[in-house]
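Engineer: Sequence order for the protein chains is A and B.
Residues 721 to 853, numbered by this note's numbering, are exactly what the first sequence covers, in order.
Residues 154 to 280, numbered by this note's numbering, are exactly what the second sequence covers, in order.
Treat the hints loosely; a few may be bogus.
Coverage of chain A stretches by chain B, computed from C-beta distances (three or more under 8 Å per stretch; other residues unrestricted) [to be verified]:
(1) 747–756
(2) 821–832
Pairwise CB distance ranges, derived in the manner of DEER restraints [stated by the list, open to error]:
(3) THR777(A) / GLY225(B): 16 to 24 Å
(4) GLY225(B) / ILE763(A): 27 to 35 Å
(5) SER850(A) / PHE167(B): 43 to 51 Å
I should point out that these hints are in silico values taken from the structure, not numbers from a laboratory.
Even for Gly, the Cβ is constructed at its ideal location relative to N, Cα and C.
Each chain, written out:
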Amino acid sequence: MNSPSSEHFNYPTGRRAGENAWLWLVKMITGPLLVLILTLHLIVNHYMGSAHSGLMTYNDIVAYFRNPLIPLIEIIFVATVVTHSLLGVRGIILDMNPSQKVLTWVNAVLLLIGCSAVGYGIWLALVIASKST
Amino acid sequence: MNNQPAPQRLLSWFNPLGRNPGSWAFILNRLTGLGLTMYLFLHLMVLGRLAQGPEAYEEFLALTKSPLIKLGELLVIGAVIYHGLNGLRVVLTSFGLGVRRQVQMFYLSVLLALVGTAIFAFRMFAG
Chain A
721 MNSPSSEHFN
731 YPTGRRAGEN
741 AWLWLVKMIT
751 GPLLVLILTL
761 HLIVNHYMGS
771 AHSGLMTYND
781 IVAYFRNPLI
791 PLIEIIFVAT
801 VVTHSLLGVR
811 GIILDMNPSQ
821 KVLTWVNAVL
831 LLIGCSAVGY
841 GIWLALVIAS
851 KST
Chain B
154 MNNQPAPQRL
164 LSWFNPLGRN
174 PGSWAFILNR
184 LTGLGLTMYL
194 FLHLMVLGRL
204 AQGPEAYEEF
214 LALTKSPLIK
224 LGELLVIGAV
234 IYHGLNGLRV
244 VLTSFGLGVR
254 RQVQMFYLSV
264 LLALVGTAIF
274 AFRMFAG
């Protein structure tokens, strides 16, 4: 089972050598979820706004965020997309076979970037939700 | 050998010889993934203008009318469609589904990404 060749599948799997199976599963679940949310995100923001092109204006966005469900969905969206993208970056780094010491740093930096981005996303969603037109 | 640091593996990414379609799918997935990650963080930063009020946001929207930004948006659209569809292909085959059709699914992802990008290009520049 642990022969070196077991890392070379003859069909694509999203799992990187050395990647934790749970993190791989997170990437596999967030991916299809993002296809769904991103499609909705694009339609809503670019085609249901009041601008001539259908793009949302500032007032549209503020009105849209008045529904308390929207900031919640947007926060889940930011957390999902940030997690997926940083796990992807980590997969690329893992393929360069970093030493354990380097990997520990990589994990810490990615975690810091991820938490900052999600924290910022939560802050921004709440600020927009608190605005009045 | 497998657990030794090997940053020189990076160079093998740029070797176009002897690759099968699955390998190209993998490379495209990474390039689009890296591009989309950069776009994501730019996008989040720019949306910070929403916190500064309507003038700041509309000022940014005016900027997006420039052809260069539109071209960048087209790249993002193409990358999103490809990465999304190819990602679904990877999820399916990871769970043993459609393994025999994985090459066709890759070509379909590329085709739909090209068609989708062309449709949006038409809408943006001619529509």
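Engineer: So, for every hint listed, does it hold in this structure?
Structural biologist: These are the hints, each one checked on the structure:
Given as covered by chain B, the region 747–756 of chain A passes the check, having 5 residues with a CB less than 8 Å from a CB of that chain where 3 are the minimum. Counting residues of the region 821–832 of chain A whose beta carbon lies closer than 8 Å to any beta carbon of chain B gives 1, which falls short of the minimum of three for the stated coverage. In this structure the hint that THR777(A) and GLY225(B) lie 16 to 24 Å apart at CB holds, the actual value being about 21 Å. As the Cβ distance of GLY225(B) to ILE763(A) is approximately 21 Å, the hint placing it in 27 to 35 Å is violated.
The hint said 43 to 51 Å for the Cβ distance between SER850(A) and PHE167(B), and at roughly 49 Å that hint holds.
Comparing the model with each earlier hint shows violations of hints 2, 4; every other hint is respected.
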